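**Q** Working from the sequences, and respecting the hints, build out all of it.
Protein chains: 2
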Amino acid sequence: MKQIQPRIYKGTRDFLPEDMRKRNYVLSIIKEIFGIYGFEPLETPSIELWDTLSGKYGDEADRLTYRFTDRGNREVGLRYDLTVPLSRLIANYPQIPKPFKRYQIQPVWRADKPQKGRFREFYQCDVDIVGSPSVLADAEIIAITNDILKKLNFQKYKIRLNSRKILSGIREISGARREEEILICRALDKIDKIGISGVRRQLRDYKISSNSVESIMEIILFEGTSEEQLSRLKDLFTSSKVGLEGIEEMSTLLLYLKEYQISKEILFFDLYLARGLDYYTGPIFETNVEEPKIGSITGGGRYDNLIGLFSGNDQPATGTTIGLERIITVMDELNLFPNNLSTEVQVLVTVFDESTLPYSIRISNRLRNAGIKTDLYSGKSKLRGQFGLANDKKIPIVIIAGPDEKEKNEVNVKLMKSGEQFKVSLIDLIRKVQSLLVE
Amino acid sequence: MKQIQPRIYKGTRDFLPEDMRKRNYVLSIIKEIFGIYGFEPLETPSIELWDTLSGKYGDEADRLTYRFTDRGNREVGLRYDLTVPLSRLIANYPQIPKPFKRYQIQPVWRADKPQKGRFREFYQCDVDIVGSPSVLADAEIIAITNDILKKLNFQKYKIRLNSRKILSGIREISGARREEEILICRALDKIDKIGISGVRRQLRDYKISSNSVESIMEIILFEGTSEEQLSRLKDLFTSSKVGLEGIEEMSTLLLYLKEYQISKEILFFDLYLARGLDYYTGPIFETNVEEPKIGSITGGGRYDNLIGLFSGNDQPATGTTIGLERIITVMDELNLFPNNLSTEVQVLVTVFDESTLPYSIRISNRLRNAGIKTDLYSGKSKLRGQFGLANDKKIPIVIIAGPDEKEKNEVNVKLMKSGEQFKVSLIDLIRKVQSLLVE
Chain A
1 MKQIQPRIYK
11 GTRDFLPEDM
21 RKRNYVLSII
31 KEIFGIYGFE
41 PLETPSIELW
51 DTLSGKYGDE
61 ADRLTYRFTD
71 RGNREVGLRY
81 DLTVPLSRLI
91 ANYPQIPKPF
101 KRYQIQPVWR
111 ADKPQKGRFR
121 EFYQCDVDIV
131 GSPSVLADAE
141 IIAITNDILK
151 KLNFQKYKIR
161 LNSRKILSGI
171 REISGARREE
181 EILICRALDK
191 IDKIGISGVR
201 RQLRDYKISS
211 NSVESIMEII
221 LFEGTSEEQL
231 SRLKDLFTSS
241 KVGLEGIEEM
251 STLLLYLKEY
261 QISKEILFFD
271 LYLARGLDYY
281 TGPIFETNVE
291 EPKIGSITGG
301 GRYDNLIGLF
311 SGNDQPATGT
321 TIGLERIITV
331 MDELNLFPNN
341 LSTEVQVLVT
351 VFDESTLPYS
361 IRISNRLRNA
371 GIKTDLYSGK
381 SKLRGQFGLA
391 NDKKIPIVII
401 AGPDEKEKNE
411 VNVKLMKSGE
421 QFKVSLIDLI
431 RKVQSLLVE
Chain B
1 MKQIQPRIYK
11 GTRDFLPEDM
21 RKRNYVLSII
31 KEIFGIYGFE
41 PLETPSIELW
51 DTLSGKYGDE
61 ADRLTYRFTD
71 RGNREVGLRY
81 DLTVPLSRLI
91 ANYPQIPKPF
101 KRYQIQPVWR
111 ADKPQKGRFR
121 EFYQCDVDIV
131 GSPSVLADAE
141 IIAITNDILK
151 KLNFQKYKIR
161 LNSRKILSGI
171 REISGARREE
181 EILICRALDK
191 IDKIGISGVR
201 RQLRDYKISS
211 NSVESIMEII
221 LFEGTSEEQL
231 SRLKDLFTSS
241 KVGLEGIEEM
251 STLLLYLKEY
261 QISKEILFFD
271 LYLARGLDYY
281 TGPIFETNVE
291 EPKIGSITGG
301 GRYDNLIGLF
311 SGNDQPATGT
321 TIGLERIITV
331 MDELNLFPNN
341 LSTEVQVLVT
351 VFDESTLPYS
361 IRISNRLRNA
371 GIKTDLYSGK
381 SKLRGQFGLA
391 NDKKIPIVII
401 AGPDEKEKNE
411 VNVKLMKSGE
421 QFKVSLIDLI
431 RKVQSLLVE
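Residue numbers (our numbering), protein chains in the order written: chain A, 1 to 439; chain B, 1 to 439.
Accuracy of the hints is not assured; some may be wrong.
Where chains are identical, the list cannot tell them apart; a pair therefore holds if satisfied intra-copy or between any two copies.
Below, computed lysine-lysine pairings styled on DSS-like, alpha-carbon distance capped at 30 angstroms [unchecked claim]:
id, residue 1, residue 2
1, K31, K150
2, K380, K31
3, K382, K414
4, K151, K31
5, K31, K432
6, K234, K150
7, K151, K22
8, K394, K31
9, K116, K10
10, K394, K151
11, K258, K380
12, K393, K414
13, K156, K22
14, K393, K151
15, K417, K113
16, K393, K31
17, K116, K193
FYI, nobody ran anything at the bench for these hints, they're computed from the structure. Predicted model only: the values in this text are computed from it and were never measured.
**A** Following this line, the structure appears as structure tokens:
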């Protein structure tokens, strides 16, 4: 075997223990809130048949899906998100009691050019309710989002709401054609990056008539409270059934959300919000932070027709992605992680020499049987190097047992922070270590 | 978009909530023991460069690795195991303090024909110590394996030990050539499936001289206690340096393992054990259960040269895979899962009608704020259907609040098991539900 350069595939990452501790901290809070809202875990395969993945998200997504043929010449791909696999699964298991509430935390892949903050492999963390046409389900999803961010100590964030039905209404009264609707959404979705004039240009590039473009822009640029905006839209939508439906739903959604007591500074109706994916059909929502500038940290919406593509009959569904990777980035920048996320190892049992090694094993066994997280030194270094390891790994307690201690059935305990050192009998060791750890 | 058959890619699986509960139960115990032994979590990417993956495990494994080119024409593959990615990572981060103790729980992929119990995607759960040449590290890995199986309530299992150095010694004194050593290991690795005569046939098929074959088989077929076998081998190995080294290490390993108090009925030296992968260099170990017949449920060993392929200088390492999937299969068949692994949802709050819906939200909020796992019904069914859902999902407590209850600020609590139903004021609700849940 020849020597190989240890290269990682660009756009993917190794997560070392210090990274994993942060990820696990965030995930444990997310899972806790999911559980409290009555959601249960689910997983689907990484590889799906190409037929399952293709044509669900839009052309760009199709191009960015990892696609290959397996040894049996089957066309397959790595999942692009967790929503399409969920939809396929729901069609596979029609007997699942509805509404079905699941969360799913797994990696997804994008055959994209890697950039700062954009990866070829990253985790998505999705929560969805399948089988409920009620905006109560949308309200629950939004309330979860808010609860998770609060629990993670986020202070400044905005949850923006809109509805694909309202955007449909705007398209209808603008005179643009039905096929142009998704183009309008895609253009609007870029507003944070390209600004209002950029959207206008993009719409024209999409060959949407300039009358329609101006009509759309005029409506979008409405200002006012959620109530004012909705009431103005209602007046405009007299000829748009879908538009009026959207207004009605949005008003009910905002009414329900009041019960969840989400502050008005956090939650509001926002006509700029469009979301880029093809499959949304009703309310859509997104969360943004002001600092750092990183785009949305959660995003989702209702997709009532996607499951029907697999099952033949439609099944209403709504849900959101919680952007685990961006949340971690923001928490890092804003210093929102607790200080004590260092090593979990509580005690290092050193090895004096070969003759006392069995005694060191015995000490470790005792500590471990008491549930104390214990590292038994197995390397080549003398005591000095072993202390170095405890130092590097920030292990708070080190135990030393040479031939004298072994003889007397005792050990030396060293506290790494203070440097303090004292002898304890083997019998008292557990009690002593436990009391040191709660200090 | 056209309608699509909801097909899963063969050899992969969906894990529904009832599957996930079992998986999470096993994983929580495994992670707890890993933590107690001082191991920390780590993850690596699913996709690695083909150069990283190829030529590490043997020809068959190379063939079974999912391989494709990305959009930039780079040759990549899906990881085949977690050991090679760890080795690549260690070379990438030479500054990691050693011994480095990590665990890693992630899926791996095999482009294999799916069969009962053999999947194209499955989780591996690995625990390794990098940077320790001492058999104490091997002993720790074996002790963890034993602790995990005990904690999972396994009764009848055997941990088998051997050493690639001892197998080298046997090869040397058999007169077989050095290049034939891995073939001898691969043939022996199949002994459970093809029996002793099958191994003999396989060795001849590999064109190993019949003198060597007979000499190997004679030694392998030794019977006796671990001590008797080792002492006989020691006598035979006078001319084999590596063989004697293997005997010496195995004796020390068995001595250390005594301190971990693993019963003699569980742990023993077994010359039949060879392991199929190319990269092992020292002690190897495997765990088998008698029932059901499923092959090994854990397996690993020392691989002192693998990391050197990436870093240029060797780094001793040892570890094992805990066969999560097989462990779950065995626990299912032997009924080792606790009975209470049903839904985690504790309360279903029903919705009487549109007018009382905000009151139902308020009730859910209270329960959720108290940390009670609460489903708020968001579907289309009347109360009867809502009770049906509680029944299907085995949710123990159902709360009903119609206009009368809303008026009086109270709720109806129904216990699904007994059918008992009573009224509680909103103020007393949390205390009442909490006391019902601990009953």
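**Q** The structure should be examined with respect to each hint, and the outcome stated for every one.
**A** Hints, verified against the model:
In this assembly of identical chains, the alpha carbons of K31 and K150 lie at most 30 angstroms apart whether taken from the same copy (14 angstroms) or from different copies (28 angstroms). Within a single copy, K380 and K31 get their C-alpha atoms only as close as 41 angstroms, which misses the 30 angstroms cut-off; across copies the closest is 27 angstroms, which meets it. Taking identical chains as interchangeable, the C-alpha atoms of K382 and K414 lie at most 30 angstroms apart only when both belong to the same chain, with a minimum of 16 angstroms there against 66 angstroms between chains. Taking the shortest alpha-carbon separations for K151 and K31, both the intra-copy value of 12 angstroms and the inter-copy value of 25 angstroms come in at or below 30 angstroms.
In the homo-oligomer, the alpha carbons of K31 and K432 lie at most 30 angstroms apart only across protomers (25 angstroms), although the nearest pairing inside one protomer, at 35 angstroms, exceeds that limit. Taking the shortest Cα distances, K234 and K150 never come within 30 angstroms of each other, neither inside one copy (33 angstroms) nor across copies (66 angstroms). For the identical chains of this complex, K151 and K22 are neighbours both inside a copy (15 angstroms) and across copies (28 angstroms), given an alpha-carbon limit of 30 angstroms. In the homo-oligomer, the alpha carbons of K394 and K31 lie at most 30 angstroms apart both inside one protomer (28 angstroms) and across protomers (21 angstroms), since each shortest distance falls under that limit.
For the identical chains of this complex, K116 and K10 are intra-copy neighbours only, at 12 angstroms inside a copy versus 36 angstroms across copies, given an alpha-carbon limit of 30 angstroms. For the homomeric pair K394 and K151, the shortest alpha-carbon distances inside one copy (27 angstroms) and between copies (29 angstroms) are both at most 30 angstroms. Taking CA atoms no more than 30 angstroms apart as the test, K258 paired with K380 passes between copies only; the shortest distance there is 22 angstroms, against 63 angstroms inside one copy. In this homomeric assembly, K393 and K414 come within 30 angstroms of each other (Cα to Cα) only inside a single copy, at 15 angstroms, whereas the closest approach across copies is 52 angstroms.
Taking the shortest Cα distances, K156 and K22 sit within 30 angstroms of each other inside one copy (21 angstroms), while across copies they are farther apart (38 angstroms). When the C-alpha separation of K393 and K151 is checked against a cutoff of 30 angstroms, the pair qualifies both within a copy, at 29 angstroms, and between copies, at 28 angstroms. Taking CA atoms no more than 30 angstroms apart as the test, K417 paired with K113 passes in neither setting, with 46 angstroms inside one copy and 56 angstroms between copies. Taking identical chains as interchangeable, the C-alpha atoms of K393 and K31 lie at most 30 angstroms apart whether they share a chain (28 angstroms) or sit on different chains (19 angstroms).
Proximity of K116 and K193 under a CA criterion of 30 angstroms is satisfied intra-copy only: 16 angstroms inside one chain copy versus 51 angstroms between copies.
When held up to the earlier numbered hints, the structure conflicts with 6, 15 and fits the remainder.
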